[in-house]
Every structure is written in C-alpha cells, then in structure tokens.
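*Asks:* Protein chains in written order, with the numbering used here: chain A, 197 to 494; chain B, 197 to 494; chain C, 197 to 494; chain D, 197 to 494.
Take these hints with a grain of salt, some might be off.
Only pairs whose alpha carbons sit at most 27 Å apart, straight line, appear in this in silico DSS-like list of lysine-lysine [stated by the list, open to error]:
| no. | chain 1 | residue 1 | chain 2 | residue 2 |
| --- | --- | --- | --- | --- |
| 1 | C | K403 | D | K226 |
| 2 | D | K226 | B | K445 |
| 3 | A | K265 | D | K360 |
| 4 | A | K445 | B | K403 |
| 5 | C | K458 | B | K360 |
| 6 | A | K341 | B | K226 |
| 7 | B | K458 | D | K360 |
| 8 | A | K360 | D | K226 |
| 9 | B | K403 | B | K445 |
| 10 | D | K226 | C | K458 |
One-sided and incomplete, this derived list gives chain A residues near chain B with beta-carbon spacing under 8 Å [what the hints assert, rightly or not]:
| no. | residue |
| --- | --- |
| 11 | E266 |
| 12 | S286 |
| 13 | Q320 |
| 14 | M346 |
Hints listed in this document are in silico derivations from the structure and should not be mistaken for laboratory results.
Note that the structure is a prediction, hence the values are computed from the model and not measured.
Positions of the beta carbon are idealized from the N, C-alpha and C atoms, including for glycine.
As a plain string of letters, each chain reads:
There are 4 protein chains.
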Amino acid sequence: MPTILGQNQYGKAENRVVRITRDGATHHIKDLNVSVSLSGDMDEVHYSGSNAHVLPTDTTKNTVYAFAKEHGIESAEQFGIHLARHFVTSQEPIRTARIRIEEYTWERIGTAGEDEHSFVRQGQETRLTQITYDGSSWEVVSGLKDLTVMNSTNSEFWGYVKDKYTTLPEAYDRILATEVSARWRFNWSDDEQETPDWETSYAQVKKHMLQAFAETYSLSLQQTLYQMGSRIIENRDEIDEVRFSLPNKHHFLVDLEPFGLKNDNEVYFAADRPYGLIEATVLRDGVEPGIPVDLTNL
Amino acid sequence: MPTILGQNQYGKAENRVVRITRDGATHHIKDLNVSVSLSGDMDEVHYSGSNAHVLPTDTTKNTVYAFAKEHGIESAEQFGIHLARHFVTSQEPIRTARIRIEEYTWERIGTAGEDEHSFVRQGQETRLTQITYDGSSWEVVSGLKDLTVMNSTNSEFWGYVKDKYTTLPEAYDRILATEVSARWRFNWSDDEQETPDWETSYAQVKKHMLQAFAETYSLSLQQTLYQMGSRIIENRDEIDEVRFSLPNKHHFLVDLEPFGLKNDNEVYFAADRPYGLIEATVLRDGVEPGIPVDLTNL
Amino acid sequence: MPTILGQNQYGKAENRVVRITRDGATHHIKDLNVSVSLSGDMDEVHYSGSNAHVLPTDTTKNTVYAFAKEHGIESAEQFGIHLARHFVTSQEPIRTARIRIEEYTWERIGTAGEDEHSFVRQGQETRLTQITYDGSSWEVVSGLKDLTVMNSTNSEFWGYVKDKYTTLPEAYDRILATEVSARWRFNWSDDEQETPDWETSYAQVKKHMLQAFAETYSLSLQQTLYQMGSRIIENRDEIDEVRFSLPNKHHFLVDLEPFGLKNDNEVYFAADRPYGLIEATVLRDGVEPGIPVDLTNL
Amino acid sequence: MPTILGQNQYGKAENRVVRITRDGATHHIKDLNVSVSLSGDMDEVHYSGSNAHVLPTDTTKNTVYAFAKEHGIESAEQFGIHLARHFVTSQEPIRTARIRIEEYTWERIGTAGEDEHSFVRQGQETRLTQITYDGSSWEVVSGLKDLTVMNSTNSEFWGYVKDKYTTLPEAYDRILATEVSARWRFNWSDDEQETPDWETSYAQVKKHMLQAFAETYSLSLQQTLYQMGSRIIENRDEIDEVRFSLPNKHHFLVDLEPFGLKNDNEVYFAADRPYGLIEATVLRDGVEPGIPVDLTNL
Chain A
197 MPTILGQNQY GKAENRVVRI TRDGATHHIK DLNVSVSLSG DMDEVHYSGS
247 NAHVLPTDTT KNTVYAFAKE HGIESAEQFG IHLARHFVTS QEPIRTARIR
297 IEEYTWERIG TAGEDEHSFV RQGQETRLTQ ITYDGSSWEV VSGLKDLTVM
347 NSTNSEFWGY VKDKYTTLPE AYDRILATEV SARWRFNWSD DEQETPDWET
397 SYAQVKKHML QAFAETYSLS LQQTLYQMGS RIIENRDEID EVRFSLPNKH
447 HFLVDLEPFG LKNDNEVYFA ADRPYGLIEA TVLRDGVEPG IPVDLTNL
Chain B
197 MPTILGQNQY GKAENRVVRI TRDGATHHIK DLNVSVSLSG DMDEVHYSGS
247 NAHVLPTDTT KNTVYAFAKE HGIESAEQFG IHLARHFVTS QEPIRTARIR
297 IEEYTWERIG TAGEDEHSFV RQGQETRLTQ ITYDGSSWEV VSGLKDLTVM
347 NSTNSEFWGY VKDKYTTLPE AYDRILATEV SARWRFNWSD DEQETPDWET
397 SYAQVKKHML QAFAETYSLS LQQTLYQMGS RIIENRDEID EVRFSLPNKH
447 HFLVDLEPFG LKNDNEVYFA ADRPYGLIEA TVLRDGVEPG IPVDLTNL
Chain C
197 MPTILGQNQY GKAENRVVRI TRDGATHHIK DLNVSVSLSG DMDEVHYSGS
247 NAHVLPTDTT KNTVYAFAKE HGIESAEQFG IHLARHFVTS QEPIRTARIR
297 IEEYTWERIG TAGEDEHSFV RQGQETRLTQ ITYDGSSWEV VSGLKDLTVM
347 NSTNSEFWGY VKDKYTTLPE AYDRILATEV SARWRFNWSD DEQETPDWET
397 SYAQVKKHML QAFAETYSLS LQQTLYQMGS RIIENRDEID EVRFSLPNKH
447 HFLVDLEPFG LKNDNEVYFA ADRPYGLIEA TVLRDGVEPG IPVDLTNL
Chain D
197 MPTILGQNQY GKAENRVVRI TRDGATHHIK DLNVSVSLSG DMDEVHYSGS
247 NAHVLPTDTT KNTVYAFAKE HGIESAEQFG IHLARHFVTS QEPIRTARIR
297 IEEYTWERIG TAGEDEHSFV RQGQETRLTQ ITYDGSSWEV VSGLKDLTVM
347 NSTNSEFWGY VKDKYTTLPE AYDRILATEV SARWRFNWSD DEQETPDWET
397 SYAQVKKHML QAFAETYSLS LQQTLYQMGS RIIENRDEID EVRFSLPNKH
447 HFLVDLEPFG LKNDNEVYFA ADRPYGLIEA TVLRDGVEPG IPVDLTNL
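With these hints in hand, go ahead and build the complete structure from the sequences.
*Replies:* The following block contains the structure:
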C-alpha cells in the first residue's frame, strides 16, 4: 500500500447550546457554540469503512446537550473539561478529546421592578476556549476574537528599513487600531492541581490587555503586542503563554489639500484590505510554547 | 425604441470615514460608513454614455471626506443633511439625494489618570440613518440592526390555526429571541422646523424599544413587535412611524428523555435556519406610511 | 389609541429543501432556499396576541417539504406558484402570499461508466425568484445575484462634471467589472395565460445579459447597464422590466513609477470599498414599473 | 524580565492583485489575494519598538505589485516563489518568508467574432497555495476550499458504537455531501530539482479528488476521505501528503408521514449547524507529515 493514514480527528462541530438557570425569578444564561473533536484508534474506519470504533458525531452532539443538564455550565472551561474527560474515559478507542467553545455574552435589560429574565446580547468580543485531554494531562487555552480597539494618538512609526520598493512616509502621530485575536494557555494541567477561577481569570485578562493597549505609547504594533502579552503574564499567575494575531486596521489620513483644507489628524479613511498582520507569542520565561502559530488562515 | 429607462440612481457606496475631534487631551470619535445615491436628469448617460450630467462617484466620495472636515460630524443625521443639501443645490441635473449611513459606536477604555484617547468598539447594534432631500422637503429615517434580545420566559404560543400540515405543539412557556432590525421615520421635513436632537432621540428610542420587549408578556412575536413600535411612538413626539423586521430566533427545548433526563426549560438548541420572520409597520394614527416594506431580501 | 398597525407580513424564511428525482440510476437535484411571507387579516395578533387567524410559520415550513413531495420541483417558479396558491386559497384570513426562492446549481461529476448520482456545486451566480399571488393575479420576478463579470478593455470614462471636489483623472482604457444583481419581471399574470418555460427563460436571459456586457464598448457603467437590460427585453417577449444593481468593482492601475516600472494596463489593485453603485430599471415601452427600487440596503 | 518573546511573524495580508496579459486582442487574467508573512531577527521591535530591522508591511505590498509587473504571474506558486526568495535574500534580518495566495478563476464569455477580453468569474472553489522559504529549502503546499460535492446515493452509515447517549438510527442509503477544504504538499524542496508544472498539477489533483469522491461507495466519510487522498498520491508523483477538512453537510430525510406521504429518499432538509467534521492526513508511505493539523478554527 503506497499510502498511509496520518493524524486524524472527528466529531460534531458547532453545537449551539443555550442553558438557562433559574434562581427564583432571576434567570442566568450561558450561550455556547461547542465543537467536539476526537482521535484515537481510528485506522479501520479510514481504510475499510468499518465503524466499529466510531462513536457517531450525532452521539457527541447528544452528549453536549445531556451534559448541559447533568453538569450545568458553570463556565465554558469547566463544561469542556467534563466533556473531554467523558469521551476519553468512556470509549476505549478514543485517546484524545479536544473541545472548542465559543461563548456569547448577554447583559440584562434593566427594567425597574421587573423579574430578571430579559437580556440583550453584548456583541463585543467572542470568548473562546479549547480543552484538550489525553487521559492523563490537560491543556486549557482560552482566548477571544473580534475585540476592536483604537488609540487616536500616541502611536508613531519611523526608523524602519527602506529598500527600493519602500514609499511609506514616516509617521509621528497616527491612529493605531486593531481587532484583537488572542489565545492564552493556562499552566493547570493535572487533576491534582486546583483549577483556576475561569470566570475571574477571563475578566482580568481582558482588563489587563485593554489597559496595556491604552497605556502603551507605541512605536510599532509589535511593541504594543508585546506589552499586552507581558502585562497578562505578569499579572496572572495561572497563565504562561499568550499568542496574538493583530491586524493593523489602517486608518489613512485623507489628503484634503486639493480642496483647500488642512487635515490636522482629524479625517481618516478606514481601509479594509490589505492590512498589516502582526503575530507573536509572549511566554513566561522558562516555559515551552504550546499554542499553534497560526490563528488565521491568511 | 422598444425599451425606456425607468427609475435610476447612482453614487459612491460605503465610504468609511472616521472623524477625530480633540477637546484638549480628550478625543471624540465618529465612525461612519456613508453611501451616497443621486438621481435626476440622467437619461443620456444611460442611452448614449454621455457623462455631461454626471458628477463622478469619486467626487461624491471626496465630498464626504471634505465635509467631515468642513462641517464636522455632530451626528450621522446632521452630516447626511449637509451632504444631501450640497448635492441637490450645487448640481442642476441632480434632483434628489439620498444619504445612507451606518454608525459604529466606540466606548472609552478607562485608564486612571490617563489621557482619553483609547477606545474599544462597543459591537452591539449598528446604528443607521437615511436622509432624502429633493430640494424642498426632507425625509429622515433612522434605525438599527443586529440588536439581539431574549426573554427566557413570559412567552407563549397557542390558539393558532391548524391545517393538515400543522404538527407544532402549543407552547405555554418558551424562549422568545430576535435580532431586531428597525427603522423609524421622523416627522421633521422642512428647514423651517426645528430639527430633533438626533443623539438623544436615538438613545431614547433604543431604551423604549428594549423596555417594551422586556416588559411585554408575549402571546406572539407580532404582539411584542406592536408593543415595541407603539411604545416608541407614544414616547417620542418626533417619530411617526416604525418598521420592524424580526426574525424569530428559535430556541428549541432539547428532548433529553432518551437519556433519562428531564428538561425543565433549561437546555435549548439555538437554531439557525429556517426562522420565522415577522415584519410590520406601526404608525401614529392619521399619518401616511413612508418606510418601504422590505428591510431584507429574504 | 394613538397608534395603528400598518403593512405586515409573516412566514418561515430560509427553508432549505433538496429534492432528488430518480430516473433509474440517473438522479436529478433541485436545491432551494424557500422563504414564505403571508399577509391578510392579521390585526388581532398584533393588537391582542390572539393567534386565531395565524397559520404557524412552522406549518408553512412543513408545507414546503410536503409540496416538494406532492408536486415535485419542476422549476423554482412553478414550485413557488404551487405554494402561493395553496396559502391564499386554503386559509381565509390570508389574502396575499409571497414566495421567495434562492436556487443553487449543481453540475455532474462525469465519471466514465458510472451511475449518475455525483454532483459538484457550480458556485457561480445564485438564481432567484419571487412569486406573489393575491387570489386573482400573479406577479413573477426572477433574477440572480453574485454574478461577477469583467471587461479588461473597451471601457472609458471622461467628459463628466467637474466641481471643486473633483480630482479623478479621465480614463480612456480601464477595466470595467461588476457583480451583477438583477431582477426581471414576467408579463405572465393570469392563470388563463400560458406560463413561460421558466428554465429556458432563465438560461436565455443570462446569456443575453452576459453577451450585452461583453459586446458593449462602454463610456459609462450606466450605458452598459442599459444595454444589458434592453437586450433582455428585446429578445425575451415574456419579460417587461429589468432592474439592476451594479457595484462598480474598481480595479485601480497601480503606480509603479516609484520603482522605475511602467504599468501599461497590466497590474491592478482590486479595491473593496468604497465602490460606485449604479442602479436602474429598463422597461418595455408602455408598461408600468413593478420591481422595487432598492435591491440592497446600502 | 519575567517574559520573553516566542515565535513571531509579520507582513501585509490580503493584497488583491489582478494581472492582465495581452496576447494581441486576447487577454489573460490572473486574480490573486496575496498575504506576506516574514520572520527572523525581530526581537528588538517587540521589546523596545525599534524598527531598525523592520521592512514595512507597506513595502511588502509594493513588492507584490512590482513583482506582478517584473516577473508576471505564470502561476500562483511561481509568483509566491519569486516573492519568498526576494524577501529572504534581500533583507539580512529576514530568515523565513511565507507567502499565502488565494486564486479566483475566471472563464471567458464567449461572443462570436469578438475580441477576447470579457470574463465571468467561475465562482466554484477558491484555489490556494502557501510557499515557505528559509534561504535553503522550499515547502509548497497548495490546496482549495469551498468545493461542495454531493453523492445522492451509494452512502451508508451503520455498525458504529452505541453508548447511552446514542439515538441515531443506522442508515443504508443516505446523501453524502461535503464542502472540501484540502491542502497537498509537494515534494519539491530544492532549487536544483525541476519544479512541477503547477497548473497541470492543480487540474489533475482536482480531477482525481472529484472522481474518487464520485466513485467510492461510502461506508463512512472517513473512508471517502482516505480514498480521495490516496487517489491523489497514487496518481501524482509530485505530491507526498494531503490533508482534508471535510464537514459532513447533513441532508436529513424529512418525515412526511404526518401528512400521509411516503418519503422515498426524495425530500431532504439541508442543515447548517451542527455538522460532523472529519479531518485527516493521507501520506505517501515513508514520508514525514508537514501540513498543520487544523485547517479551520472550529
């Protein structure tokens, strides 16, 4: 046989589960998009089509919904841990389970004297987590995407390499804007360790990231990225590594001179494509990296 | 000639303009997507290709950026009024100008003792406005899209028609969720009238709409829609008409009985397609409707 | 009561139905996305929440699937006619039914000596139709979207109005590219008339539209639009009106002079936003227009 | 310093370049979306903001357009090789260049006796390539995405594991449909080797992939995937590895019994989410895998 099977994984992707918890007249929501991916002793289904080792993807979907009832959804991370443990420990052929979850945040519609069951979707970033379990150790990588931020000043870009294709003028006061995609890896890996408080951790990471973005006087987006990453690691002991993919959302100063107008950093064209794309990992000194390099496909 | 030209319009669509206003170290942002559409005496360009009456779409783009400097952007509505007036009054062949604007909201990243130039995009709804001017009267229709709301209880659906294709069981406690697309028409139409306070009006309309959604015990999404519309008109004298397009974002209770579990309105599957689509206009009694019926193409 | 209900409509949107027809070992596919919209005597459901006149949107969904079996899907238009007639004639409160359908085209994967049951989605334009029935007369508007075309020469743009905001240089050889969105209205309106051959009509309209685009030496996109529309009406007796929404997909010649290179209409930047947007109706002389003006929301 | 920099890369993403080549009155198009990603000695820009080693992303954009003129675009792969070689050999701090390209295919609008400069975008799959160069060896991974295929019969699924969450009935005649995302790695890695004929290779890989999909009587999507991959490797000596990400686009047989109808594999509901996701690598026996495992983020 001239060909062989390499790495493979399968499962049900994008199971949309909404869990309502009732605390009297006050309701709580968890709104998740859960993707299950399993791997293990799956050669035969590829070679011959025998499904003898295959738990159907439909079953993995059912399990997501059943576990939402059986275990509740305390946090996306905790829910992913329940699921991953179940698949690896209950099915002999399955050696590794990876659960990816997107979480959408809702805030309350405040109405005086009313019961608390009305919500509006916040719509800012999408929260992410990925839980991987191989039967002995855990890897938890959480993150977010689509968090768009802007500094309207305190950003420069100059002193760069010029070659024969360089036409960009140096900038001493520019807009710096990006749509943050970030992943951070927890150092929790063992059931014997105490688990982090996942909800608090997320809120604090987001806060530190935003503050580092706002407070950094930027000479390059790379510098800002590094500050965002190191701020997280310095403040959150539970996190060892952060990976960012930061598109430089260019805001070009419009040339208004043809119309007899001076544009004193007031009017900008917000461009779509192309965009600079800055990607890097920031690590706690001494740890090995674990987050894959490419968070996007472009 | 067996064919003739009918209604026509042209212009530059989706001009992305960001305007920064500096109040000392405190900056303010307006972030708009402006589409210009002009019509008038344009037969010849269609019949023969003569551009003698055609102001280039590129010029309409330049005008957007120049006006952002010359007039500033106090509100999307006011900015659209400046633009529409300019095109109709400065170019003889242009009889009508329609300006459509999307607005994206930014909130400040609060950092103690820092200058105020750092922002995060709010990401909830997109704010909309459309200004139409024919040289004598104005029509302003504002609105929003992508505002997702949910009531986790206080919604029923029963007592409906049953025919031979009906299988739906009646529901006495269901989730009601929708992604609001709304447009509301102002009764301001004449330069002699005082213009509304566009920013206050928007904030108040959104507030009333959300409160009506939250406070209505719903027997049908149509009923909730009507309450949302009438609440706006009752509370905002400047508005005469509201049009809604409300997809019923179905949340189906998952059947957990095969797993020996009871689902007491706790675990839902959030479905994508198909979805109910409820559309209606609510009018101040005695006024003529002016907002087109179809806000979507499906 | 200070507010009243205006136009309203409801139904199930985006019912995805795939119909396989077996002609021995040769299979045929129809792949549709069907949206149902009903209106009539629906005041009470808005005012009081009474569903006594409401056929559930879920039932309209069931009807789509049942009719795919009962009537088959000869064409999207014919299928829409069956559905619209059913809703209006079977439910007293329903006065008007509008059925919108998107159709996706599949082509065969040719495999020598194999049975014919393998397909690849063509992926070019999406075919559209909209059937409206009020119990006595029919309106059928078909169309397409997302058909992207380009002429790499034989396009000019000059002789236009110049005002103080005009900077665009005249062009004597440019790329003309657009993503066609078109709707055309049939003059069939009565059950007594013979229905058009919907499948042949679509293929011929697309052919004439593409040929008119290719063969027109263009002095403006408006001129090309008019040629595309009039070519259809002149060649297809069953069609009285065509509406186009044509974004001018700008391809900007890149300035390579800073690099010592001459760009002789060879290297272009394909821009996203902003874009010119040219919209117009072409009519058979003497008929009244019926297609709404705005095919997009921008 | 408690944190350090890990892997990093930067460049200009999504440069949209269209290259017209004129062969008399016959024109040829190449339509690409080019993303540049560079890495090397870039610590300082992250740590201190010094751009002394940074070739601006704007320059990498300029280079794409200049190279389209200087070298032409024979194929996406060849164009990427020119670019990658340039960045690595011309800038000392840059050690590795990775060029990712999407390619959009256009076909001619045939018009009798006309010049050949009119095109319609094919719109089927998007063609992909990724070129990586570290100054000594090359890696070329080509591929495609969004190629949707369907077998309307000759697919079964049974004999799988049943646990307490399994409710899926076995299927002996089902629709099998997927939207192919594939990447294949060439064994060309050295300037001394003859380069493959990239255009012929692509056409042949697509042909073999489609034929394997059509001709495989499928007991599982995994089996079909493996047949698709091995067919490519067996027929194309230049390719050593193929990675697939195949969503199982579920087509559920609609239950028409409540309406007194029998659904004999005729009427299907095409579902969106959730979907099975089957991913695997197929390798030429004896080679090491090189394509990353995750082609999507879900």
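*Asks:* If a hint holds in the structure, say so; if it does not, say that too.
*Replies:* Hints, one by one, checked against the model:
1. A threshold of 27 Å between alpha carbons decides the hint, and for K403 of chain C with K226 of chain D the separation of about 24 Å falls inside it, so the pair holds.
2. Among the hinted pairs, K226 of chain D with K445 of chain B is inconsistent with the structure: their alpha-carbon atoms are about 42 Å apart, more than 27 Å.
3. For a cut-off of 27 Å, the pair hint linking K265 of chain A to K360 of chain D stands: about 15 Å separates their Cα positions.
4. Distance hint between K445 of chain A and K403 of chain B is unfulfilled; the C-alpha atoms sit about 32 Å from each other, more than 27 Å.
5. Proximity of K458 of chain C to K360 of chain B is assessed by CA-CA distance (about 72 Å); at most 27 Å being required, the pair is judged violated.
6. The suggested pairing of K341 of chain A with K226 of chain B holds, with an alpha-carbon distance near 23 Å, which does not exceed 27 Å.
7. In summary, the hint linking K458 of chain B to K360 of chain D is supported, as the alpha carbons are separated by about 15 Å, within the 27 Å threshold.
8. Of the pairs offered as hints, the one joining K360 of chain A and K226 of chain D holds, with about 25 Å between alpha carbons and a cut-off of 27 Å not exceeded.
9. The straight-line distance between the Cα atoms of K403 of chain B and K445 of chain B is roughly 21 Å, inside the 27 Å bound, and the hint therefore holds.
10. For the suggested pair K226 of chain D and K458 of chain C, the alpha carbons sit about 19 Å apart, so the restraint of at most 27 Å is met.
11. A cut of 8 Å between beta carbons decides the hint on E266 of chain A: the least distance to chain B is about 7 Å, and the hint holds.
12. Here the hint on S286 of chain A is broken, as its CB sits about 14 Å from the closest CB of chain B, past 8 Å.
13. Satisfaction of the interface hint for Q320 of chain A is found here, the shortest Cβ-Cβ separation to chain B being roughly 4 Å, below the 8 Å cut-off.
14. For M346 of chain A, the interface hint holds, the least distance from its beta-carbon to any beta-carbon of chain B being 5 Å, beneath 8 Å.
Checked against the numbered hints given earlier, this structure breaks hints 2, 4, 5, 12; the rest are met.
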